[in-house]
Amino acid sequence: MAAGPMKMRATENGGVTEIRVLMTHPMETGQRKGPDGKLVPMHFIQSLVVTVNGKTVVDGQISQAVSRNPVFTFRVKGGAKGDKIEVAWIDNQGESNKTEAVVA
Amino acid sequence: MNAVRRLLLQGAGALAAGLLAPLAALAATWNKEAFGAKSAADALKGIRFVNASPSSDVVIEAPSIAENGAVVPIEITSNVPGTRSIAVIAEKNPFPLVAKFDFLEGAMPYVKVNIKMGETADVRVVAEAGGKHYFASKNIKVTIGGCGG
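Just so you know, the sequences run in chain order A and B. Going left to right, the first sequence walks through residues 0 to 103 as numbering that gives the first Met the number 0 numbers them. Going left to right, the second sequence walks through residues 0 to 148 as numbering that gives the first Met the number 0 numbers them.
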């Protein structure tokens, strides 16, 4: 299954860069029954990384209890317009995706 | 072959390899024991966040009543100086540990995230700063549980 679109926006204001990232992912808990009455297997993002100009600023470990199509907001101090932000994730089935944005 | 290796081998670029390599390492250390724990106490033991003291410097902004337990917006700030990590627990979820974030290199100890809650419960946030732990809790009423079918 191909990873769905990922969107991100990063804006700097008064020395703080706010990063808002949307990930497309079913975040299946393994407790939901599909249309065939069988349990849909667990399928969820486990790890994510946020980097600024190549340096890791946030390491996240998450569970299937994060909502479907996760949206995260992070904040970084000392960033500047033009900095490159990247966010990548990997899930429990080994699928991954990443996106990048320039701080506006 | 898993997707990460496939991407790396496809030579998706120095950029991709640069980002996915630390990610793959991080993925390898996903704390299975803590995330699989069935009690908040065991989950916190699993990430070694123990003996936390209550602190008003750990701030949770969240609705008091969540109409939809599948999407409960939580905004967390830790004003404890030197906060390096934050863990989010939903006390009555089947697996209470929801997330753990490590903040490095200028990242502020702040996060907004949407979580699933199975039923009315306390959401507890534990922050790690200077090797010590601090926590705050907020009770959130859930009208329709959001963990499963």
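Hints in this document: simulated from the structure, not taken from any laboratory. These numbers were taken from a predicted model, which means no experiment stands behind them. Hints should not be assumed to be uniformly reliable.
Pairs of lysine to aspartate or glutamate residues, derived as DMTMM-like cross-links and limited to a Cα-Cα distance of at most 20 Å, are as follows [what the hints assert, rightly or not]:
no. : chain 1 : residue 1 : chain 2 : residue 2
1   : A       : 76        : B       : 121
2   : A       : 37        : B       : 121
3   : B       : 137       : B       : 121
4   : B       : 111       : A       : 94
5   : B       : 31        : A       : 17
6   : A       : 6         : B       : 121
7   : A       : 83        : B       : 104
Listed below are several chain B residues computed to face chain A (Cβ distance under 10 Å; list not exhaustive) [claimed, not checked]:
no. : residue
8   : 30
9   : 59
10  : 79
11  : 119
12  : 137
13  : 138
Estimated spans, in silico, between C-beta atoms of each pair [claimed, not checked]:
no. : chain 1 : residue 1 : chain 2 : residue 2 : range
14  : A       : 53        : B       : 66        : 33 to 43 Å
15  : A       : 53        : B       : 29        : 28 to 38 Å
16  : A       : 72        : B       : 137       : 15 to 25 Å
17  : A       : 25        : B       : 143       : 31 to 41 Å
18  : B       : 58        : A       : 103       : 22 to 32 Å
19  : B       : 32        : A       : 72        : 27 to 37 Å
20  : B       : 52        : A       : 53        : 14 to 24 Å
21  : A       : 103       : B       : 47        : 16 to 26 Å
22  : B       : 103       : A       : 8         : 20 to 30 Å
23  : B       : 50        : A       : 98        : 32 to 42 Å
24  : A       : 10        : B       : 67        : 20 to 30 Å
25  : B       : 35        : A       : 25        : 32 to 42 Å
Virtual Cβ for every residue (Gly too), placed ideally from N, Cα, C.
Here's how the hints hold up against the structure:
Proposed proximity of residue 76 of chain A and residue 121 of chain B is contradicted: the alpha carbons are some 30 Å apart, above 20 Å. Of the pairs offered as hints, the one joining residue 37 of chain A and residue 121 of chain B is violated, with about 31 Å between alpha carbons and a cut-off of 20 Å exceeded. Distance check on the hinted pair: residue 137 of chain B and residue 121 of chain B sit about 5 Å apart at the alpha-carbon level, within 20 Å; holds. For the given pair, residue 111 of chain B sits about 24 Å from residue 94 of chain A by alpha-carbon distance, which is inconsistent with the 20 Å threshold.
Using a Cα cut-off of 20 Å, the hinted pair residue 31 of chain B and residue 17 of chain A is violated, with the two alpha carbons roughly 30 Å apart. Restraint check for residue 6 of chain A and residue 121 of chain B: not satisfied, since their Cα atoms lie roughly 31 Å apart, outside the 20 Å limit. For a cut-off of 20 Å, the pair hint linking residue 83 of chain A to residue 104 of chain B stands: about 15 Å separates their Cα positions. The interface hint given for residue 30 of chain B is met, as the beta carbon of that residue sits about 6 Å from the closest beta carbon of chain A, less than 10 Å.
Interface restraint check for residue 59 of chain B: the shortest CB-CB distance to chain A comes to about 15 Å, outside 10 Å, so the restraint is violated. Nearest Cβ of chain A to the Cβ of residue 79 of chain B: about 16 Å, over the 10 Å cut. The hint is violated. Taking 10 Å as the C-beta contact cut-off toward chain A, the hint placing residue 119 of chain B at the interface is violated, the least distance being around 15 Å. Look at residue 137 of chain B: its Cβ only gets to about 16 Å from chain A, farther than 10 Å, so that hint breaks.
A hinted interface residue such as residue 138 of chain B counts as satisfied when its beta carbon comes closer than 10 Å to some beta carbon of chain A; here the least separation is about 17 Å, so the hint is violated. At roughly 41 Å, the beta carbons of residue 53 of chain A and residue 66 of chain B sit within the given window of 33 to 43 Å. Evaluation of the 28 to 38 Å hint for residue 53 of chain A and residue 29 of chain B yields a failure: the beta carbon distance comes to about 23 Å. At roughly 18 Å, the beta carbons of residue 72 of chain A and residue 137 of chain B sit within the given window of 15 to 25 Å.
Checked against the hint of 31 to 41 Å, the C-beta distance between residue 25 of chain A and residue 143 of chain B comes to roughly 19 Å, which is inconsistent with it. Between residue 58 of chain B and residue 103 of chain A the CB atoms are about 27 Å apart, so this pair conforms to the stated range of 22 to 32 Å. Under the hint 27 to 37 Å, the C-beta atoms of residue 32 of chain B and residue 72 of chain A, about 28 Å apart, fit the expected range. Separation of residue 52 of chain B from residue 53 of chain A is about 37 Å and departs from the stated range, judged on CB atoms against 14 to 24 Å.
Range check, residue 103 of chain A to residue 47 of chain B: Cβ separation about 38 Å, and the 16 to 26 Å hint is violated. Between residue 103 of chain B and residue 8 of chain A the Cβ separation comes to about 22 Å, which falls inside the hinted range of 20 to 30 Å. One distance hint, 32 to 42 Å for the beta-carbon pair residue 50 of chain B and residue 98 of chain A, holds here, with the actual separation near 39 Å. At about 28 Å, the beta-carbon gap between residue 10 of chain A and residue 67 of chain B stays in the expected band of 20 to 30 Å.
At roughly 20 Å, the beta carbons of residue 35 of chain B and residue 25 of chain A sit outside the given window of 32 to 42 Å.
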